[in-house]
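Construct all of the structure, not just a fragment, from the sequences and the given hints.
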Amino acid sequence: MSDVLVVAEHRRGELRDVSYELLTAGRELADATDGELHAAVISGPVEEYADKLDRPGVDQIHAVENGEEFNHGIYTQVAAQLANAVDAQYILAGNTVNGLDFAPALAERLGLPLVTDAVDIETDDGLSVVRELYGGKTEGTVDIDSERALLTIRPGEWPEADGTGDAAIEPFEADIDESAVRSTVTGFEEVRTGDVDISDADVLVSVGRGIEDEENIELIEELADAIGATVSASRPIVDNGWLPPDRQVGQSGKKVSPDIYIAIGISGAVQHVAGMKGSETIIAINDDPSAPIYDIADYGIVDDLFDVVPALTEQFGE
Amino acid sequence: MKILVTVTEVAIADDEFEIDDTSIDETYLTFDLNEWDTYAIEEAVQLQETEDEIEVVTATVGPERVEETIRTALAKGADRAVRIWDESLEGETMIDPSRKAQLLAGVVEDEQPDLVLSGVQSGDVALGATGVALAEQVGFEWGAVVNQLDLDGDTARVHRELEGGVEELTEIELPAVLTIQTGINEPRYASLRGIRQAQSKPLDVRSPADLGVELEAASLELTDLVVPESESDTDLFEGAPEETAAQLAELLEEKGVGA
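If you read the sequences in order, they're chains A and D.
Just so we're aligned, residue 1 is where the first sequence starts under the numbering used here, counting upward by one.
Just so we're aligned, residue 1001 is where the second sequence starts under the numbering used here, counting upward by one.
There could be a bad hint or two in this list.
[Stated by the list, open to error] List time: in silico SDA-like cross-link candidates among lysine to any residue, alpha-carbon distance up to 25 angstroms:
{"no.": "1", "chain 1": "D", "residue 1": "Lys1255", "chain 2": "A", "residue 2": "Ser199"}
{"no.": "2", "chain 1": "D", "residue 1": "Lys1255", "chain 2": "A", "residue 2": "Asp225"}
{"no.": "3", "chain 1": "D", "residue 1": "Lys1255", "chain 2": "A", "residue 2": "Gln315"}
{"no.": "4", "chain 1": "D", "residue 1": "Lys1255", "chain 2": "A", "residue 2": "Thr281"}
{"no.": "5", "chain 1": "D", "residue 1": "Lys1255", "chain 2": "A", "residue 2": "Ala201"}
{"no.": "6", "chain 1": "D", "residue 1": "Lys1255", "chain 2": "A", "residue 2": "Asp145"}
{"no.": "7", "chain 1": "A", "residue 1": "Lys277", "chain 2": "D", "residue 2": "Leu1236"}
{"no.": "8", "chain 1": "A", "residue 1": "Lys277", "chain 2": "D", "residue 2": "Gly1212"}
{"no.": "9", "chain 1": "A", "residue 1": "Lys277", "chain 2": "D", "residue 2": "Trp1085"}
Rather than coming from a laboratory, the hints here were simulated on the basis of the structure.
On a predicted model such as this, the values are computed, not experimentally measured, just so you know.
Take a look at the structure:
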């Protein structure tokens, strides 16, 4: 028992990036345990996926045919059987919406401790996981007092495994109890894009929780008008219904990479940053100098947005 | 029908704070109802308003201090509350979703709800795993990260909010645990009448032993807490708002904006 099993993630015909990141994190762990790295790919065109997952450092790929899309009832059963079949010491999944839909149940079923949202894994003295606490303001180290464990890793923290490997690809016949599958995926829907596509914009003026009130959104729209930019937003603004869902930047919204991204009253939570870190120039206006947005901003004004934004609009006035 | 809503109090750290061993010094913390849970409560109360005979019960793990937060949930429309605690839980860091789920499972076994709603995650520890762990422990079906919910007999028709603006449409058999995402509804503010009524709604305190829960030994321990090193190399514009705005305007114009 020294092997590592990672569970790949895919959706609607494509492997998701986190799958390749899992291979990197899994290889690091397997090196530490002196074990083999196994990857599981469950449902969908598994042979095609298995070929893509065959990257350096992967020893075995288990291809499990069963339906097309993710279903947590299937995933939990298959992953539990595979973990036992390969006698995995550590199991890794993505800290994604679907990862968090099956990993906690898998941990319970196997009687393993679960640590979610790992940003770093240490193996010097037993297994420890580094994860954020208090909304990203701190990082905690969690020691795991167990031979075996299940971890979910934060997307984007490990590089993707790259290149072609020589893994053994084998089908795995799972014994599925259909009566235990009590949910059915009936389809997918995409957030409708209105007449504006924020991912096409060259300049985005993006507004966050710091704007405080719906009526203040006007300040942002005036600035955007003055400089010829498009208005986008972080999650709380859309949750409140102050701007439509197609304006949301972030993990659950749109990924954008404009030439200029002006973040106003946005703290820069990881879910938001995931959607805009590819922007060429990032400018932050936020009165909290310790806000994480300043970790990635190129330029910034640490001041009250209600003073700065009207003054900036003024600069571009007639 | 009975809906159980799991409610958590979260600690929100000030912009400036000090770390005492593996926790933030309490003087720098504000305690509040977890943001995700406000949406879970609202969803339960809205179901109660549209369907007949639905009782909404909240379940919370925490010391006496959290009763203020629980009363907030009651003021928004929950019928009664259960708080789980005894001195053996002092110092629990709640870093282990399985242990927290075991405590909540005691309430589920006791109350036998048809539906459990929990927030996707807590704002402070953010495990994002307690609801699904709870479902597995009590043998319920589940769905994580739900941003639309319709009940249809013994089935919950939900949308699960996946990444990248995609929603998964799923049918889930009851009884089930659903973890509720922000934005699913518009949480109400408690009315004055609601706040008054909340004072007289039942709030039972149960120990793990009362609920027949024997917690397994902890296998996770928080051993270090640090402020991550800032990677910031932001060029900051300094001065009064008119000055900083002028400097930023100049930069933007250089980059061809507003020309």
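Comparing the hints with the structure gives:
Taking the CA atoms of Lys1255 (chain D) and Ser199 (chain A), the gap is near 19 angstroms; set against the 25 angstroms cutoff, the hint holds. Taken as a hint, the Lys1255 (chain D) and Asp225 (chain A) pair is honoured in the structure, with Cα atoms around 17 angstroms apart against an allowance of 25 angstroms. For the hint linking Lys1255 (chain D) to Gln315 (chain A), the alpha-carbon distance of about 15 angstroms falls within 25 angstroms, and the restraint holds. A threshold of 25 angstroms between alpha carbons decides the hint, and for Lys1255 (chain D) with Thr281 (chain A) the separation of about 10 angstroms falls inside it, so the pair holds.
Restraint check for Lys1255 (chain D) and Ala201 (chain A): satisfied, since their Cα atoms lie roughly 15 angstroms apart, inside the 25 angstroms limit. As the CA atoms of Lys1255 (chain D) and Asp145 (chain A) are separated by approximately 54 angstroms, the hinted pair breaks the 25 angstroms bound. A distance of roughly 19 angstroms separates the Cα atoms of Lys277 (chain A) and Leu1236 (chain D); the hinted pair therefore holds under the 25 angstroms criterion. A distance of roughly 49 angstroms separates the Cα atoms of Lys277 (chain A) and Gly1212 (chain D); the hinted pair therefore is violated under the 25 angstroms criterion.
Only pairs whose Cα atoms come within 25 angstroms are accepted, and Lys277 (chain A) paired with Trp1085 (chain D) is rejected, the gap being roughly 43 angstroms.
Of the numbered hints stated above, those contradicted by the structure are hints 6, 8 and 9, listed in ascending order.
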